[in-house]
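4 protein chains.
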Amino acid sequence: MFNSFGNILKLTTFGESHGTAIGGIIDGFPAGIKVDFEAIQNELDRRKPGQSKIVTQRKEPDTVEFMSGIFEGVTTGTSIGFIIKNTNQKSKDYNHNTDVYRPSHADYTYDKKYGIRDHRGGGRTSARETANWVVAGALAKQLISHIEINAFTSSVGEVFMVKPYQDLDFTKTETNIVRCPDEATAEQMIEKIHEIRKAGDTIGGTITCVAQNVPIGLGEPIFNKLHAQLGQAMLSINAVKGFEFGSGFCGAKMRGSEHNDAFLADGTTQSNLSGGIQGGISNGMDIYFRVAFKPVATIMQHQETINAAGEATSIQGRGRHDPCVVPRAVPIVEAMTALVLADFYLLNKMRRTQ
Amino acid sequence: MFNSFGNILKLTTFGESHGTAIGGIIDGFPAGIKVDFEAIQNELDRRKPGQSKIVTQRKEPDTVEFMSGIFEGVTTGTSIGFIIKNTNQKSKDYNHNTDVYRPSHADYTYDKKYGIRDHRGGGRTSARETANWVVAGALAKQLISHIEINAFTSSVGEVFMVKPYQDLDFTKTETNIVRCPDEATAEQMIEKIHEIRKAGDTIGGTITCVAQNVPIGLGEPIFNKLHAQLGQAMLSINAVKGFEFGSGFCGAKMRGSEHNDAFLADGTTQSNLSGGIQGGISNGMDIYFRVAFKPVATIMQHQETINAAGEATSIQGRGRHDPCVVPRAVPIVEAMTALVLADFYLLNKMRRTQ
Amino acid sequence: MFNSFGNILKLTTFGESHGTAIGGIIDGFPAGIKVDFEAIQNELDRRKPGQSKIVTQRKEPDTVEFMSGIFEGVTTGTSIGFIIKNTNQKSKDYNHNTDVYRPSHADYTYDKKYGIRDHRGGGRTSARETANWVVAGALAKQLISHIEINAFTSSVGEVFMVKPYQDLDFTKTETNIVRCPDEATAEQMIEKIHEIRKAGDTIGGTITCVAQNVPIGLGEPIFNKLHAQLGQAMLSINAVKGFEFGSGFCGAKMRGSEHNDAFLADGTTQSNLSGGIQGGISNGMDIYFRVAFKPVATIMQHQETINAAGEATSIQGRGRHDPCVVPRAVPIVEAMTALVLADFYLLNKMRRTQ
Amino acid sequence: MFNSFGNILKLTTFGESHGTAIGGIIDGFPAGIKVDFEAIQNELDRRKPGQSKIVTQRKEPDTVEFMSGIFEGVTTGTSIGFIIKNTNQKSKDYNHNTDVYRPSHADYTYDKKYGIRDHRGGGRTSARETANWVVAGALAKQLISHIEINAFTSSVGEVFMVKPYQDLDFTKTETNIVRCPDEATAEQMIEKIHEIRKAGDTIGGTITCVAQNVPIGLGEPIFNKLHAQLGQAMLSINAVKGFEFGSGFCGAKMRGSEHNDAFLADGTTQSNLSGGIQGGISNGMDIYFRVAFKPVATIMQHQETINAAGEATSIQGRGRHDPCVVPRAVPIVEAMTALVLADFYLLNKMRRTQ
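Protein chains in written order, with my numbering: chain A, 60 to 413; chain B, 60 to 413; chain C, 60 to 413; chain D, 60 to 413.
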């Protein structure tokens with residue numbers, strides 16, 4: 060239950076950043092789906108380190124090997140096991156951290172919780188885990204291929220995408236390394252990240268995700284509301300500090316007469332401040348939400364901290380880390396969105412009789 | 060799975076606003092806990108309608124009846140069944156809505172999903188369901204009585220509590236009807252709600268929740284991160300549009316060198332921008348988060364909409380509704396927080412050997 | 060998880076024999092099913108005490124009250140809450156047992172596990188709990204009304220039904236109080252139970268259950284095999300000591316050349332020693348299995364035992380108990396079978412694409 | 060949920076007999092356990108093909124590779140991923156079966172359920188899957204090392220172990236290839252299997268399992284009764300047709316006055332016909348149960364059957380198969396028993412407060 064996600068389409072994962080491999084098992088995937096392996100690899104490539112100058116220079120080929128559940132290119136309905144080998148685990152980079160707690164990392168909490176610490180690159184806490192999610196999400200996308208899911212970088216520090224998503228051309232997201240579909244804003248963002256990296260620092264940002272052509276009726280009413288499950292999915296991603304959908308935190312300042320989302324004659328709604336979800340269930344309008352990422356904790360600067368013995372000491376980042384996590388997190392946000400929607404899509408098949 | 064919450068301490072619920080009763084089953088509650096029934100009723104009273112001039116005037120005594128799992132005032136370790144009778148269900152208030160979809164309500168999505176609609180006060184979508192959660196949360200609080208959980212109204216519309224929570228005296232939260240522990244801000248909020256109600260309108264707001272004395276080590280690393288579970292819990296509450304913890308959306312604008320939360324010699328951290336959670340696991344510092352509520356959808360104004368046949372029509376709210384949901388949601392936020400923390404508290408007992 | 064049964068169609072229950080009520084929540088039941096309440100009550104009547112001379116004379120009307128999930132006689136897709144009030148709880152009958160452990164009852168294990176004991180009629184361990192299952196099973200039957208489920212008493216002590224089930228007329232099961240569709244055997248069984256009761260003793264027996272018109276494909280391959288889930292369901296019933304399906308324990312003595320179940324041209328199989336299940340999945344043939352019940356532990360005879368202080372003492376049954384549990388267990392076996400089949404029926408809807 | 064087993068200590072698996080590897084993820088295993096890798100390999104060797112003359116001559120080294128969750132030989136509390144490579148998959152042996160349904164195999168049901176068939180050695184239905192269980196069970200044994208679990212072959216066809224288990228020396232189980240701790244009976248069993256194999260036939264049998272030094276209080280009262288979970292575990296093993304514990308099917312013939320299991324002054328019981336479990340919870344006495352295995356379906360004889368087109372055809376087994384599955388199933392029964400007991404052992408840690 061701790062390393063699993065989903066109700067019916069369930070992903071269970073394992074793996075430490077610096078072990079031999081990470082991997083997972085996808086359970087509940089229906090039979091008879093032709094798998095597009097290239098599309099899966101493509102998603103992994105969008106997430107992988109070393110892909111551009113503004114991300115970590117750690118190089119991992121991130122090649123997924125499927126070991127079951129697919130026969131002659133088609134899913135069989137049985138559990139899909141896969142691994143991604145770790146090929147470039149420079150554990151030596153981390154040896155100096157053996158007993159020092161890095162600020163804003165999970166070293167301290169893991170050590171206290173488990174009484175044991177895998178200090179190699181954060182062990183299980185490493186964001187490398189999310190490569191597993193991208194594999195599962197890429198498969199999920201193929202199950203719900205009628206739904207379009209597009210995430211993009213909507214802010215880096217104080218540089219914001221100010222245009223509404225309706226004015227953007229999502230086919231442009233991949234044309235730049237920061238994954239912002241607006242060229243001018245993308246340039247500013249990239250410049251900001253370069254500046255931050257030179258300072259040995261890191262910076263936060265936000266990702267906006269839009270799901271379109273979502274069928275009406277996805278989501279369960281009480282504790283599996285569509286947006287609650289999306290929220291949990293996003294808050295599971297490393298470095299995420301907040302989630303809002305539709306009107307979000309702005310909605311908290313509004314009046315009902317402004318906020319209400321009037322129905323038009325064709326069943327669509329006027330403002331879609333609802334964000335495509337009403338009462339936890341999709342209403343057929345665009346689903347959109349925003350995810351906040353804090354700055355990466357590993358900075359190339361001197362920091363005061365303590366070690367496992369509780370003694371004051373200091374630390375300076377030396378591994379290969381991202382100055383801003385957001386560009387590489389775009390495919391992760393999409394993958395988790397796909398997993399949530401595919402899960403509810405399958406659940407919905409049981410909802411009505413006949 | 061759809062009407063259940065929690066991993067080990069599991070709440071399963073049922074009930075429509077206008078049926079004979081709502082209720083639930085709490086499973087996994089340990090044996091041997093002496094139950095303070097008055098404390099439970101007290102929490103229900105904080106949530107109940109009709110408690111003050113700024114909430115709905117619908118009157119429900121909201122008395123919980125426990126039917127199992129407690130013997131001679133002590134929990135037995137078996138499942139705890141309870142009901143809360145609905146005594147004041149004026150279904151007639153709702154008869155005019157039989158086939159009209161109320162804007163920003165879940166009428167439309169339920170009808171499309173289930174092919175059937177219980178139009179009496181929203182059926183299962185009614186926030187009356189949250190009375191069940193308050194019962195379970197009040198019991199959970201008694202299980203983790205060493206942890207202090209305090210929520211309060213931190214904004215109503217544009218009226219914000221500007222003081223940091225550290226400067227507040229939580230014993231003052233219940234001294235005013237809006238549940239803001241700062242007297243001056245509370246007055247402004249109450250005034251704002253009165254003004255909104257007179258206009259036949261509604262308004263959104265936010266609640267901040269602080270959990271103190273939380274043991275180190277609560278939360279599971281990957282998909283049951285403490286903040287992800289809190290996020291899902293909060294996003295399950297009716298009208299919630301956003302969740303952020305620690306630095307939240309502000310953290311997305313910051314640099315790593317500003318944001319990092321340095322360890323002090325005693326194991327505490329300096330800024331607690333982490334919000335008491337690192338890598339999904341509590342670090343012993345205060346946990347704090349903020350929840351955004353949209354304005355209540357039922358307004359006493361004329362609105363254009365459609366009916367089940369897709370014909371344009373109009374609607375005007377007539378039932379007894381809240382102008383601002385936030386004051387009554389404060390005990391709900393606390394209850395769900397208690398459920399999440401108690402669940403992880405129990406889970407943690409199995410984490411280590413010996 | 061402890062008081063819940065089922066994957067998708069999930070029953071969660073509560074209740075002690077001598078509390079105010081027992082009850083449950085059925086989650087995952089699809090919308091749009093017209094409920095036959097009389098059929099549900101009829102199943103409860105088959106299980107209820109006091110129905111004939113060979114069962115306990117305790118009288119409980121066992122009337123179920125549905126509190127949610129059904130609107131105007133049709134299921135709404137939301138959780139179905141129900142209670143059955145306890146009206147005849149003579150706790151005084153049990154007061155003498157306060158600290159004595161009754162042999163072959165669960166008094167000792169509950170006391171040791173939970174450190175607390177609800178001595179009133181066994182508390183949660185009472186078979187009264189199974190009335191909840193009968194309600195849920197009766198609803199499940201209505202969901203899969205194309206499947207015919209027939210259980211019957213196949214032995215009482217050494218009195219066995221020797222005819223194969225194919226030679227029986229299931230419409231005769233309810234024509235006698237022991238629920239054996241063969242008149243002559245039924246008479247012998249009834250006589251045996253009378254004799255046993257007069258001796259202040261109790262006796263074991265077996266129930267055979269046959270499910271016909273089961274669609275091909277129910278069951279999941281590895282850990283939710285159809286027969287494994289049926290086995291767990293049956294072993295959850297009080298007093299059950301064994302489960303076998305198809306050739307069962309006899310199959311363990313056979314050779315492959317005798318046991319193999321050859322396919323005929325129409326897709327049916329020759330011997331059906333498989334019991335309608337191959338590799339955990341239904342093959343469309345009759346599913347049949349047998350369940351062993353030990354004799355009821357409460358006998359009207361003097362027995363040596365110990366009390367909570369570990370002192371030797373003696374006990375003599377005084378409450379109102381069944382001399383043989385099997386006749387009343389027939390509807391329970393059917394109910395649990397219906398729950399398992401309905402659960403897999405719903406799961407199967409998601410198995411294939413398109 | 061379909062390929063997972065356990066509540067808290069959860070095993071999720073994948074893999075087809077003739078893919079590149081099988082494997083699994085063990086979730087919920089506590090931190091701080093020193094792993095004895097040799098003991099794990101030893102259990103795999105007990106299960107592996109080719110180990111003696113009375114089992115299939117297919118050769119698989121069955122070497123497990125752990126990929127996560129263990130650091131410097133000690134469990135870390137995170138999920139444990141492992142694979143076992145398939146090195147000897149002679150798919151050609153199976154090519155002739157492409158569209159023929161083998162009698163008493165799962166070819167037909169899988170094909171009908173999933174609409175796709177992996178005909179290579181049965182795909183996911185192959186008992187090779189149980190190697191995964193042996194790995195997980197061997198780890199579970201190390202978690203509950205104070206409990207002794209001993210299974211043995213108690214019958215092969217009509218050759219029965221007639222001595223009660225109390226008269227056996229379990230250290231002798233591994234001294235012969237059929238895994239029966241009584242030398243004389245073992246010889247008869249081996250002779251029987253040789254005879255059957257020469258005839259190109261197969262034969263069924265039973266395994267008895269005994270768990271000793273089980274703490275009082277394992278098991279959950281209603282739907283997770285200890286024996287119900289053991290039953291489900293055993294019925295998940297390929298070829299199992301029945302399960303009984305304690306007095307089992309014999310108990311169904313007994314009277315209460317014979318069957319009741321009187322408490323002695325020291326809290327032990329006299330007859331232990333209860334099989335160490337009362338009300339679903341362990342009472343500290345020996346737990347013992349018996350599992351029935353049908354004969355292996357693949358025989359080296361000519362059999363009539365049909366193909367996917369529904370045409371009559373015939374088949375003759377050609378792969379390398381076991382004449383009797385029971386000797387190799389002994390470690391599987393022990394492994395699943397260990398998983399069930401370890402799961403309840405962890406669950407029990409949360410049962411009481413303090």
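A couple of the hints might just be wrong.
Intra- or inter-copy, both count: the list cannot distinguish identical chains.
What the hints assert, rightly or not - Each computed BS3-like pair below joins lysine-lysine, with the alpha-carbon atoms no more than 27 Å apart:
no.	residue 1	residue 2
1	Lys257	Lys112
2	Lys118	Lys231
3	Lys222	Lys144
4	Lys144	Lys93
5	Lys222	Lys118
6	Lys144	Lys231
7	Lys222	Lys408
8	Lys408	Lys231
Hints in this document: simulated from the structure, not taken from any laboratory.
ask   = How do Lys144 and Lys93 come out at 27 Å by Cα distance, when the copy is not named: within, between, both, or neither?
value = Answer is both: 24 Å inside a copy and 25 Å across each meet the 27 Å cutoff.
Requested in this report: Could you figure out if Lys222 and Lys408 sit no more than 27 Å apart (CA to CA) within one copy, between two copies, both or neither?
Outcome: Cα proximity of Lys222 and Lys408: none, with 37 Å in one copy and 42 Å across.
Go through the copies and call it for Lys408 and Lys231: within, between, both or neither, with a Cα cutoff of 27 Å. neither (35 Å within a copy, 39 Å between copies)
At most 27 Å between alpha carbons: which applies to Lys144 and Lys231, within, between, both or neither? neither (31 Å within a copy, 43 Å between copies)
_One pair to classify: Lys222 and Lys144, alpha carbons no more than 27 Å apart. Within, between, both, or neither?_
For Lys222 and Lys144, neither the intra-copy (40 Å) nor the inter-copy (50 Å) Cα distance is at most 27 Å.
Given a CA cutoff of 27 Å, do Lys257 and Lys112 count as a within-copy pair, a between-copy pair, both, or neither? Answer is within; shortest intra-copy Cα gap is 12 Å, inter-copy 58 Å.
message = I want to check one pair: Lys222 and Lys118. Are their C-alpha atoms no more than 27 Å apart within a copy, between two copies, both, or neither?
response = Answer is neither; intra-copy 34 Å and inter-copy 46 Å both fail.
Notebook entry, point to check: How would you classify Lys118 and Lys231 at a CA-CA limit of 27 Å: within, between, both, or neither?
Noted result: For Lys118 and Lys231, only the intra-copy Cα distance (26 Å) is at most 27 Å; the inter-copy one is 54 Å.
Violated hints for the displayed structure, listed by number in ascending order: 3, 5, 6, 7, 8.
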